Amino acid sequence: GTALFWESDYGQQVKGLVKMATDELNDIINCQPFIALVDSRPGQTQIILQGGANNGLHAGDTLALYQLVVQGSATHYQEHDIRLVNRNTAIELREVYPSHSVGVINSANFLNGQFLALAP
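Position one of the sequence shown corresponds to residue 5 (the numbering used here), numbered consecutively onward.
By construction, these hints were calculated from the structure, which means they are not laboratory data. This one's a predicted model, so the numbers in the text were calculated from it and none came from an experiment. Yeah, the Cβ is synthetic: ideal placement off N, Cα and C, and Gly gets one too. No false leads were mixed into what you were given.
Straight-line distance between alpha carbons at most 20 angstroms, and here's what the computed SDA-like set of lysine to any residue pairs gives:
#, residue 1, residue 2
1, LYS19, GLY5
2, LYS19, ASP31
3, LYS23, LEU8
4, LYS23, GLU11
5, LYS23, ILE33
6, LYS23, PHE9
7, LYS19, ASN30
8, LYS23, ASP13
9, LYS19, PHE9
10, LYS19, ALA7
11, LYS19, LEU8
12, LYS19, THR6
13, LYS23, ALA7
14, LYS23, GLY5
15, LYS23, ASN34
16, LYS23, SER12
17, LYS23, TRP10
18, LYS23, CYS35
19, LYS23, THR6
20, LYS19, LEU29
What follows is a list of derived Cβ distance ranges for each label pair:
#, residue 1, residue 2, range
21, ALA7, ILE39, 32 to 42 angstroms
22, LYS23, LEU72, 32 to 42 angstroms
23, ILE86, ALA123, 13 to 23 angstroms
24, GLU11, ARG98, 53 to 63 angstroms
25, LYS19, THR49, 51 to 61 angstroms
26, ASN30, GLN50, 32 to 42 angstroms
27, GLY64, MET24, 30 to 40 angstroms
Please construct the entire structure, taking both the sequences and the accompanying hints into account.
See the structure below:
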C-alpha cells in the first residue's frame, strides 16, 4: 500500500482492476431501487417506513407497496421461497425524519402481513 507500490507496474494493474470493480459495483447499486420495510397495523392506513431523509426520501414522495410472501418448502427443512407481490397500492410520505418516515396508504384496503415499499 505504499506510494512506491502504486507506482509500480503491478500496482498500476491492481489500481485499474479495483477501479473497474468499483465502477461495476456502482452501476449495479444505482440500478437497484430503494427498498424499505413497512411497519403497519391491521385496520390502519397510516404506516411507519424504515427509511427517511438519510435515504434521500422527502415528504410527498410516493412509493409502491409490495407484500412479502414467505412460503416454507414441503421437501426441504428450513428452506423458504420468498416472493414480492405487487399490491397496486402506493404510500405517500407525509412526515420524513432522518431514519424513518410516516406515510398513508392511498387505498381503502388495510394491510395485513409483511410489506416492503419500493421507490420508483
